[in-house]
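We have chain A already, so just place chain B on it with the hints.
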Amino acid sequence: MATQQNVNQYAKAIQAQLTSIVTPVPVYANFNRNFATEPKFITWHLRNVHQPVYAGQYQSNKGIDRPIFQISVFSTTMEDNFQISNTILQSLHGYSGLFGGATYGFQISKADVVWLYNGYDNEINLYTIHMDCTIDIPT
Amino acid sequence: MALPNKVLPGFSATLYMQPTASPTALTTANLSVYASVSAIAVSGNAVPVEAIPAFGQDDAVASFGVAGSRQSDKIPTQSAPTSMTITAAWNPSDTNLLLIRGDAYNGTIDRTFVISATDGTNTVYYAFNGRVSEFKIDSAPSAEAKCMFTIHPRGNQYGWSNNT
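In order, the protein sequences belong to chains A and B.
Going letter by letter, the first sequence gives residues 1 to 139 in our numbering.
Going letter by letter, the second sequence gives residues 1 to 164 in our numbering.
Bound-form chain A, shown alone (with noise of 0.2 angstroms):
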C-alpha cells in the first residue's frame, strides 16, 4: 500500500534543489517578467504527478510517482544558457539520495534529465534552454 505523495512537498524541494545547484542564479517557479531585471536564470514547471492506481477498493493501492519537472534557463548570453545548462545535467542526471535538502527533501531512486531543445526569443532577448528531468520517488 502507498500514499499519495504531497505535491506542494515537490515543489519545495524542486525549488531547492535547483537553487543548490545553480546558486547565485535566481530560480523561479514561473516566468513571471523576470527577463526584466535578471541577466540569467531559471524557471521550472512540475507536471505528470501520476502514482499508477491498481485493482481493489482501496485508495491507497498505488505504484510510486515518477513527476516530471521541467528546467527552462534563460539568458543573454548563449555561453552562460549552456554553461548553466550542462551544470545541471552533470548534477542531477542520474542522481540518486536526498532530493531538496535537509528542510525540505525526500529521497529519490533516481533523477532523469532530458535535454529538450535550445533557442532563442527574440521577443525578450533571451537565450533559452528547456530540459525535463523525472524523479523516482520510492512511496
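One should not assume that every hint holds.
Stated by the list, open to error - Restraint-style ranges between C-beta atoms, simulated for each label pair:
(1) A/T76 x B/L8: 56 to 64 angstroms
(2) B/G107 x A/T23: 56 to 64 angstroms
(3) B/S142 x A/F106: 16 to 24 angstroms
(4) A/Y120 x B/A54: 53 to 61 angstroms
To be verified - Below, in silico cross-link-like pairs of lysine-lysine (BS3-like), each with a Cα-Cα straight-line distance of 27 angstroms or less:
(5) A/K110 x A/K12
(6) B/K136 x B/K146
(7) B/K136 x A/K110
(8) A/K110 x B/K6
Don't read these hints as lab results, they were simulated from the structure.
Don't be surprised by glycine CBs; every beta carbon is placed ideally from N, CA and C.
For chain B alone, kept in the frame of chain A given last:
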C-alpha cells in the same frame, strides 16, 4: 447484499488472504459460505496486487485418438481451479506480502484466498485454498519494483458466495 447486477470494471476486484503465518484454511463447504468468506475480506487482509488475473477454472479434457478410427474424442473431466500469477507493487515491509513470501519459502502452507468484486453496493466472493510458489522480485527501472508470485489452488477447494 445481493449479487452485483452490473457489468463490473476490472478495478472492482480485490484480493484478500487469510492472516497469520500458520492459517487454518476454510473447509471446502465454508468456501461457499458468505459469513466465513467475508470475515477474511477485510482491509487488513488485502493484498496490494496490481491487477487480479483470470480466476475460476481451467479447461480440462482428456483426449483420445484411436488409430483407424475416423474421429478422436475429447472427454471433459473435472476442471481444477486455475493458477493465478500475480504482480504486486513491492513494499518489503508489507505484512501480507511477507506472509506470501513465507508461504512460498515453506511450500506446503494451505491458505484461503478471497477475491471480491463489488459494484459499490453488492459483492460477490470467489474463495479458494491455495499454496504460493515462485515468489520473485522484478526491479526493472522506470517503475516500482514488482513482487510476483503464483498461487496454485488445491483441487476442488473453491466456492462462490454472496449474501442474498
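Against the structure, the hints come out as follows:
no.	hint	result
1	A/T76 x B/L8: 56 to 64 angstroms	holds (60 angstroms)
2	B/G107 x A/T23: 56 to 64 angstroms	holds (57 angstroms)
3	B/S142 x A/F106: 16 to 24 angstroms	holds (19 angstroms)
4	A/Y120 x B/A54: 53 to 61 angstroms	holds (56 angstroms)
5	A/K110 x A/K12	holds (18 angstroms)
6	B/K136 x B/K146	holds (8 angstroms)
7	B/K136 x A/K110	holds (23 angstroms)
8	A/K110 x B/K6	violated (43 angstroms)
Hint 8 from the earlier list is the only one contradicted by this structure; the remaining hints agree with it.
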